[in-house]
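Residue numbers (the working numbering), protein chains in the order written: chain A, 1 to 174; chain B, 175 to 358.
A few of these clues could be false.
What the hints assert, rightly or not - One side of the interface only, derived from the structure: several residues of chain B facing chain A at Cβ under 7 Å: (1) Leu196; (2) Val197; (3) Val202; (4) Gly207; (5) Ser209; (6) Val250; (7) Thr276.
In case anyone wonders, no lab produced these hints; they're calculated from the structure.
Glycine is no exception: its CB is placed at the ideal position from the N, C-alpha and C atoms.
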Amino acid sequence: MRHIKPVAVILLALSLGWVGGLSQTSQTVTITVNQSLYLDCSASAAINYTVTQSDIEGSQPFTIGTWSCNVDSLTAFTLNANMVITTNTGISGASVDDFSETCTSATGGGTPSCGPGGTFGPITLGSGGNTAGSLGADFSGDVRLNVSDWDVSPIPPSRSVSGTINYSVSDSTP
Amino acid sequence: MTKRVVVALLVGAVGLSLSSGLVAQQNVTIEIGQSLYLDCVPPDQPGDIYYVITQADIEAPQPIDIGDWGCNVDAVTQYRLNSQFTSFSAPYVVNADTSDFTADCVNADDFGTCAPNSSLTLGDSDPNTRRGTGFNTAGTDGADFRGNVYVNMGVGPAGWDVQSSQLPVYVTGVITYTVTDTTP
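Isolated chain B (complex conformation):
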């Protein structure tokens, strides 16, 4: 009986030496307060569009290219990029509205993909207003999207009708770009 006790004590001592608490811990917490960053227009892209309609524009096939757009997205999630008019004013141009304006996407990098849709119409919704989609961009300078903005002045009775007595007349609006998390 005495021998058994001694053996048990030895085993206990060996067990303690093998797991002698030679460990330490360090707690790590990573917080993500914002997973998407949108920068329109990035430094290498044009800014606001100011376009003067010429006779050649009136004669040309519609729509006509009036400028470019460009956005950079930094993301740690999958996302979509949309744009559309959020305000519009054409007080002396009958029949002019945001549905006359369209946009395309011609290039996207760093895991971004252009969408084929073109609507910039105020009040319209995704996917019609979608310019592109993308994924996590960590380790890159972000996904660069770029494209063109077009206007179609129409033809016939439904086309633009400028009040000549008010010349020069202006059609102005604001295109707002948004990026949205599309994680299912």
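Looking at chain A on its own, in the form it has when it is part of the complex:
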């Protein structure tokens, strides 16, 4: 028993001395992501379109303008759109389902791809993934109109229908 105690003391001293010989520091890293998706559709100019005789005689729907959106993303996403009618002066039958959108181009980072588009209500225009290191995913397409179920009140005055297309991007991470 007397022989064991000194040995234990020596081992403890060696152990403490070994640990005390290391030079340790620490660095704490915290990354905060408050927003993983950024949508910029400022290139989608307002559309002011006057229907002509050739539009009426042409195939329905016909193109009245274009849309374009850029998405910067740190996640998988889908780009969606919907429309609301804001004013209607004398056009019976006009509704959001007369308007539609197509996606004709999806380029840039994040392997973007066009969605099916279609007639409003909600439609999916495209999807993509993380766009880090690129200028983002660029989506574009056409805005189209079908007037085949419209019944316009007597003119003059000229009649019009106005609406707003709302674009949104949402996280599609499963």
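Assemble chain B onto chain A, guided by the hints.
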């Protein structure tokens, strides 16, 4: 009390992340400055009527067919098509007036419908002068209406009386076609 504050802040942060303003807008305005387009006579239809009365016409049952008419309507509204004389001249034919002329409608397509009325009389009104009706034609080449124009030279004292000393004599007039919005 401190714990409650922390929880409230977390809920607020989650709410913001779910509705983080990831939307954009595009305004769209569609204007209709003209809802009806009328084209008479369309390319596949005959034009002005120039008809020479023959002996066979005089012997034939009245009225006699003197020509065709045709109209194409492009519309984004419901409508009616009318026609009637708007000017007339028969200086050497006694008893001749626009009531001697009539028109029918024999065919209409692309949601157009012929009307049964026949009056071309100057000063007459709808529905007597109505040739047809129709609806929105979007996506089609428009509604094509066509029919015939007739003249009845009458019989007896009330019939035409041509001043032979002025031969050849002419009866001329202008038939005007109009399309009208019938949206209630």
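Each hint tested on the structure:
1. Using the Cβ-Cβ criterion of 7 Å, the hint placing Leu196(B) at the interface with chain A is satisfied: the shortest such distance is roughly 5 Å.
2. Checking Val197(B) against chain A by beta carbon gives a least distance of about 5 Å; that is within 7 Å, so the hint holds.
3. Among the interface hints, the one on Val202(B) holds; its C-beta lies about 5 Å from the nearest C-beta in chain A, closer than the 7 Å criterion.
4. Annotation: Gly207(B) was flagged as interfacial toward chain A, and the flag holds, the nearest CB pair being 5 Å apart, inside 7 Å.
5. A hinted interface residue such as Ser209(B) counts as satisfied when its beta carbon comes closer than 7 Å to some beta carbon of chain A; here the least separation is about 4 Å, so the hint holds.
6. Checking Val250(B) against chain A by beta carbon gives a least distance of about 5 Å; that is within 7 Å, so the hint holds.
7. The restraint placing Thr276(B) at the interface with chain A is violated, with a minimum CB-CB distance near 29 Å, outside the 7 Å limit.
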